[in-house]
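Chains as they are written, first to last, in our numbering: chain F, 26 to 283; chain D, 87 to 339; chain W, 15 to 310.
Don't read these hints as lab results, they were simulated from the structure.
Given the structure is predicted, the values throughout are model-derived calculations rather than measurements.
Just to be clear, a hint being listed does not mean it is correct.
[What the hints assert, rightly or not] To give an idea of the interface, some chain W residues facing chain F are shown, with a C-beta separation under 7 Å as derived from the structure:
1. Val82
2. Ser99
3. Val140
4. Val144
5. Asn171
[Unchecked claim] Result set (EDC-like, lysine to aspartate or glutamate): computed pairs, CA atoms no more than 16 Å apart in a straight line:
6. Lys38(F) <-> Asp190(F)
7. Lys116(F) <-> Asp178(D)
8. Lys312(D) <-> Asp138(F)
9. Lys231(F) <-> Glu153(D)
10. Lys77(W) <-> Glu92(W)
11. Lys231(F) <-> Glu324(D)
12. Lys125(F) <-> Glu153(D)
13. Lys83(F) <-> Asp146(F)
14. Lys116(F) <-> Glu74(W)
15. Lys320(D) <-> Asp218(F)
16. Lys276(D) <-> Asp215(D)
17. Lys320(D) <-> Glu233(F)
18. Lys28(F) <-> Asp152(D)
19. Lys172(W) <-> Glu206(F)
20. Lys217(F) <-> Asp317(D)
21. Lys231(F) <-> Asp317(D)
22. Lys217(F) <-> Glu92(W)
23. Lys28(F) <-> Asp149(D)
24. Lys28(F) <-> Glu153(D)
25. Lys170(W) <-> Asp138(F)
26. Lys172(W) <-> Glu233(F)
27. Lys312(D) <-> Asp110(F)
28. Lys170(W) <-> Glu206(F)
29. Lys134(D) <-> Asp215(D)
30. Lys172(W) <-> Asp190(F)
31. Lys276(D) <-> Asp301(D)
32. Lys257(F) <-> Glu57(W)
33. Lys312(D) <-> Asp190(F)
34. Lys125(F) <-> Asp317(D)
35. Lys172(W) <-> Asp46(F)
36. Lys170(W) <-> Glu233(F)
37. Lys170(W) <-> Glu91(F)
38. Lys231(F) <-> Glu250(F)
39. Lys231(F) <-> Asp301(D)
40. Lys320(D) <-> Glu206(F)
Yeah, the Cβ is synthetic: ideal placement off N, Cα and C, and Gly gets one too.
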Amino acid sequence: MAKTNDKLIVGGKRLDGRGFDELRPITMRIRAVEKADGSAQVSFGDTEAIVSVYGPRKLYPRFLQENERGIMRYRYNMAPFSCTDRISPGKSRRGIEISKASRLAFEPVAFLDDFPTTVVDVFTEILQADGSTRVTGINAASMAMAVAGVPMRDLVAACSVGKIDGQLIADLNGIEDNNSEADVAVAMMPTKDRITMLQMDGVLTKDELFTLLQMARENCRKIYELQKAAIKDSFKQQPDVTAVAEAAEEEAAKESQG
Amino acid sequence: MKTYAYDLLVNDKRIDERAMDEYRDIELKRGIIKNAEGSASCRLGNTKVIVGVKMGIGTPFSDTPDEGNLIVNAEFTPLASPEFEGGPPGEDATELARVVDRGIRESEAMDFKKLCITSGEKVWMMNVDIHIINHDGNLIDCAFLAALSALMDTKIPKLQDDKIMRGDYESELAVQHKPIEVTVCKVADKFLLDPAKEEEDVVDTKLTVAVREDDSICALQKQGAKDVSIDDIKRMVETAMAKSAELRKLLKE
Amino acid sequence: MDRFERGPREEYDYGRSEPQASDGGEAAELHEHAHRTIVIPGEYIDDKKGRKLGNDVYEEGEKVFAKVLGIPVASENEIKIIPMSGVYIPGISDNVIGVITEVGISGWTVDINSPYIAFLPVADGVDEFVDTNRTDISRFFDVGDALFCKISKVTKNKTTRVSMRAMGARKLPGGVLMRVKPVKIPRIIGKGGSMINMIKQRTGCVIYVGKNGVIWLRGDNKAKAIEAILTIERESHTTGLTDKIARMLGDLPGVVQPAATATAETKPVEHEVESGVEVEEEKIERPKPAWEPANF
Chain F
26 MAKTNDKLIV GGKRLDGRGF DELRPITMRI RAVEKADGSA QVSFGDTEAI
76 VSVYGPRKLY PRFLQENERG IMRYRYNMAP FSCTDRISPG KSRRGIEISK
126 ASRLAFEPVA FLDDFPTTVV DVFTEILQAD GSTRVTGINA ASMAMAVAGV
176 PMRDLVAACS VGKIDGQLIA DLNGIEDNNS EADVAVAMMP TKDRITMLQM
226 DGVLTKDELF TLLQMARENC RKIYELQKAA IKDSFKQQPD VTAVAEAAEE
276 EAAKESQG
Chain D
87 MKTYAYDLLV NDKRIDERAM DEYRDIELKR GIIKNAEGSA SCRLGNTKVI
137 VGVKMGIGTP FSDTPDEGNL IVNAEFTPLA SPEFEGGPPG EDATELARVV
187 DRGIRESEAM DFKKLCITSG EKVWMMNVDI HIINHDGNLI DCAFLAALSA
237 LMDTKIPKLQ DDKIMRGDYE SELAVQHKPI EVTVCKVADK FLLDPAKEEE
287 DVVDTKLTVA VREDDSICAL QKQGAKDVSI DDIKRMVETA MAKSAELRKL
337 LKE
Chain W
15 MDRFERGPRE EYDYGRSEPQ ASDGGEAAEL HEHAHRTIVI PGEYIDDKKG
65 RKLGNDVYEE GEKVFAKVLG IPVASENEIK IIPMSGVYIP GISDNVIGVI
115 TEVGISGWTV DINSPYIAFL PVADGVDEFV DTNRTDISRF FDVGDALFCK
165 ISKVTKNKTT RVSMRAMGAR KLPGGVLMRV KPVKIPRIIG KGGSMINMIK
215 QRTGCVIYVG KNGVIWLRGD NKAKAIEAIL TIERESHTTG LTDKIARMLG
265 DLPGVVQPAA TATAETKPVE HEVESGVEVE EEKIERPKPA WEPANF
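If we strip away everything but chain F, and leave its shape as in the complex, we get (with noise of 0.2 Å):
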């Protein structure tokens, strides 16, 4: 996505129209997979993941056994098409970067030790890439986890906010990832409230990035609740429920006050 000297913030408001602290339109399905252990698809806006979780399951080649505890291995991909530039299919050195931190992201949540010698797969596919991929990413993955029944302390719930034009803002789209000022990515344990994964590109001072983490705190929390209400929600209807989160309304009234 192509670079812009435009202004990022017109009369007060975000290109598409969002308050500063608005998360875009969210949309959650779980069972999106049907041979997955557990799968869910999300997406912020134009960005769209779509994660499948095999496992615990058997873990070979033996060598890469641990004896005390289950490994984790997750695996973040962008889809040739996902961008307006076709990525090449393949590992790309992002690719790997971001899945470490990925990974990372969830171990300290998965009950790994109650799983000896197995291995929990995590796929992570980005079908449409508007900004903000890999924390869309882990909030599918989390919640694909949760359905497969792999024992997690907490969801993990994650955001991305930002620098833009002078203002911070959340929940950074394509655009605005690509010319902003900072970025940030943010995953957390949603109620123990601890992080677990942390990211940051771009220029800021320390107490930009401290009003940062505090906003990240606050939209992790929104997210989670529409993570929790999406998974109890497909258990009372049949087949596949999307929970179509309000946000963009409830962010509304809570900007009105300021």
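We have chain F; now place chains D and W onto it with these hints.
Frame of chain F, contents of chains D and W only:
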């Protein structure tokens, strides 16, 4: 598996009698690789990293037609540690390269526009190659010091009819900012800096913070398999900021 | 086959409380109300108050939280979760159906539909004395054979042993195998066995149900039985399931209909296992449902 290093650290002791926030002995040398346009080595205790900068000519990206390119790569060479295997960079080497890259890039340490040769057609490509020589912990901090020093050592070769005249330089690379990367570690409820490998193996969490000379934060990367509180993050960031000034003094002009 | 469990008395009951509602009972009832009380990982259930904790909950101080998606059950003595999904983890004394994957010298490797493989030692598989140096034990059980057996030992890192020295343990020749989500087994069995017995009676099939989510069926009407079982798996969280299955199975020709008040005491019609007859074994994983995506 917790080892003796763990027992020491939770009692505020290091394996080598340092303070918890003390770096090991640091030695930075520049201009050590003859065929590189810029080079430096950093020895941090027993951890040793060599960085070479090679410049080449390439085409700019379509959205930045008048800017040069930076490519950072890291090799975890098998001679450096019994844990390193040969082959293409694994996730740790990839992560290290990208974290060093972000510290340099986001802090705007270099003005990429000055690396333009012909707008839209030809620009300088800077390959910063990080070669781990000995792994005794804290590779990122050591590699970053070496990389920034190598950039400060880099000279831009003369161009004659589009051919690079190696060994013949026209100018020095302008390094306009001095970011430092400090990795702060947490084990149980203790914080420490610059872990030796044995200490690094038992830490729960690490946070690498890139700090510019104006105290801006330019990059953050959390590593490690444990979770932290927001207060922990704040503390680690402040510790990194305080330490970075001390380390920056090593980067003489 | 009236046998006591022989061999070393196993005691390593690692990590397992008493068998989870294998008689259906409470679990089956709770599945009826799943939509009302389901909890997600990390949700608070209750204060511990000195009670025993099941496998799928964890404590932080006095508070007890769910580890997995499921229905919390907090009784006087225990707090636990009935999970909605998850792989089968071997528990001591579980009755399971396993398939032999390797014939060794002193025993067999058995696939028990779990990330953990089980081992059946010769001494626990066969009554007679076997000189393992001279005998090729594949003459007792060979690769591909299905066995109804019991988990006899589980170590801390889940190394598992099974035994044929248990009530009802036997080789299951012919027939077909199917796999369902192990958490659905209590619902498939029903309260006191009511659901599975109804299926057996109305289809005239022999059916063995393993706690590990593997089911073995034999009989002419097994397709109908399989369909019923898959329906239960898919709709286990709804109410009125028993009636729905009863209507599905209806009157099948040639099968004696039991009296309207069928109870668990009614003996199911069983076909004698014919020895020495080679029957083709089909292994059905799961027929594709007509609509997508598949739900539990």
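Checked hints:
Interface hint at Val82(W): satisfied, since its Cβ lies 5 Å from the closest Cβ of chain F, which is below the 7 Å cut-off. For Ser99(W), the interface hint holds, the least distance from its beta-carbon to any beta-carbon of chain F being 4 Å, beneath 7 Å. About 27 Å separates the beta-carbon of Val140(W) from the nearest beta-carbon of chain F, more than 7 Å, and the hint is not met. The criterion of a C-beta within 7 Å of any C-beta in chain F is not met by Val144(W), whose closest approach is roughly 29 Å, and the hint is violated.
Here the hint on Asn171(W) is kept, as its CB sits about 4 Å from the closest CB of chain F, short of 7 Å. Straight-line distance between C-alpha atoms of Lys38(F) and Asp190(F) comes to about 11 Å, which keeps the hinted pair within the 16 Å bound. For the given pair, Lys116(F) sits about 15 Å from Asp178(D) by alpha-carbon distance, which is consistent with the 16 Å threshold. A distance of roughly 14 Å separates the Cα atoms of Lys312(D) and Asp138(F); the hinted pair therefore holds under the 16 Å criterion.
Pair hint Lys231(F) plus Glu153(D) does not hold up; C-alpha atoms about 29 Å apart against a cutoff of 16 Å. The straight-line distance between the Cα atoms of Lys77(W) and Glu92(W) is roughly 13 Å, inside the 16 Å bound, and the hint therefore holds. About 8 Å separates the Cα atoms of Lys231(F) and Glu324(D), which keeps this hinted pair within 16 Å; it holds. A threshold of 16 Å between alpha carbons decides the hint, and for Lys125(F) with Glu153(D) the separation of about 30 Å lies outside it, so the pair is violated.
For the suggested pair Lys83(F) and Asp146(F), the alpha carbons sit about 10 Å apart, so the restraint of at most 16 Å is met. This hinted pair does not check out: Lys116(F) and Glu74(W) have alpha carbons roughly 40 Å apart, beyond 16 Å. Of the pairs offered as hints, the one joining Lys320(D) and Asp218(F) holds, with about 14 Å between alpha carbons and a cut-off of 16 Å not exceeded. Distance hint between Lys276(D) and Asp215(D) is unfulfilled; the C-alpha atoms sit about 34 Å from each other, more than 16 Å.
A distance of roughly 12 Å separates the Cα atoms of Lys320(D) and Glu233(F); the hinted pair therefore holds under the 16 Å criterion. Proposed proximity of Lys28(F) and Asp152(D) is supported: the alpha carbons are some 13 Å apart, at most 16 Å. Between Lys172(W) and Glu206(F) the alpha-carbon distance is near 51 Å, which puts this suggested pair outside the 16 Å criterion. Using a Cα cut-off of 16 Å, the hinted pair Lys217(F) and Asp317(D) holds, with the two alpha carbons roughly 13 Å apart.
Restraint check for Lys231(F) and Asp317(D): the C-alpha separation of about 13 Å stays at or below 16 Å, so the hint holds. Straight-line distance between C-alpha atoms of Lys217(F) and Glu92(W) comes to about 24 Å, which puts the hinted pair past the 16 Å bound. With a C-alpha separation of about 7 Å, the suggested pair Lys28(F) and Asp149(D) falls inside the 16 Å cut-off, and the hint holds. Simply put, Lys28(F) and Glu153(D) have alpha-carbon atoms about 13 Å apart, close enough for the 16 Å limit, and the pair holds.
For the suggested pair Lys170(W) and Asp138(F), the alpha carbons sit about 10 Å apart, so the restraint of at most 16 Å is met. Between Lys172(W) and Glu233(F) the alpha-carbon distance is near 49 Å, which puts this suggested pair outside the 16 Å criterion. Between the alpha carbons of Lys312(D) and Asp110(F) the distance comes to roughly 36 Å, so the proposed pair goes past 16 Å and is violated. With a C-alpha separation of about 51 Å, the suggested pairing of Lys170(W) with Glu206(F) is violated against the 16 Å cut-off.
Under the criterion of a C-alpha separation no larger than 16 Å, the hint pairing Lys134(D) with Asp215(D) is consistent with the structure, at around 14 Å. With a C-alpha separation of about 56 Å, the suggested pairing of Lys172(W) with Asp190(F) is violated against the 16 Å cut-off. Proximity of Lys276(D) to Asp301(D) is assessed by CA-CA distance (about 24 Å); at most 16 Å being required, the pair is judged violated. Of the pairs offered as hints, the one joining Lys257(F) and Glu57(W) holds, with about 12 Å between alpha carbons and a cut-off of 16 Å not exceeded.
A threshold of 16 Å between alpha carbons decides the hint, and for Lys312(D) with Asp190(F) the separation of about 34 Å lies outside it, so the pair is violated. A C-alpha spacing of about 24 Å is found between Lys125(F) and Asp317(D), which places the hinted pair above 16 Å, so the restraint is violated. For the given pair, Lys172(W) sits about 48 Å from Asp46(F) by alpha-carbon distance, which is inconsistent with the 16 Å threshold. Between Lys170(W) and Glu233(F), the direct Cα distance comes to roughly 48 Å. Violation of the 16 Å bound is thereby established for this hinted pair.
Only pairs whose Cα atoms come within 16 Å are accepted, and Lys170(W) paired with Glu91(F) is accepted, the gap being roughly 13 Å. For a cut-off of 16 Å, the pair hint linking Lys231(F) to Glu250(F) is broken: about 29 Å separates their Cα positions. A C-alpha spacing of about 8 Å is found between Lys231(F) and Asp301(D), which places the hinted pair at or below 16 Å, so the restraint holds. For the hint pairing Lys320(D) with Glu206(F), the CA-to-CA distance comes to about 20 Å; that exceeds 16 Å, so the pair is violated.
Figure legend: structure checked against the earlier numbered hints; hints not met, in rising order: 3, 4, 9, 12, 14, 16, 19, 22, 26, 27, 28, 30, 31, 33, 34, 35, 36, 38 and 40.
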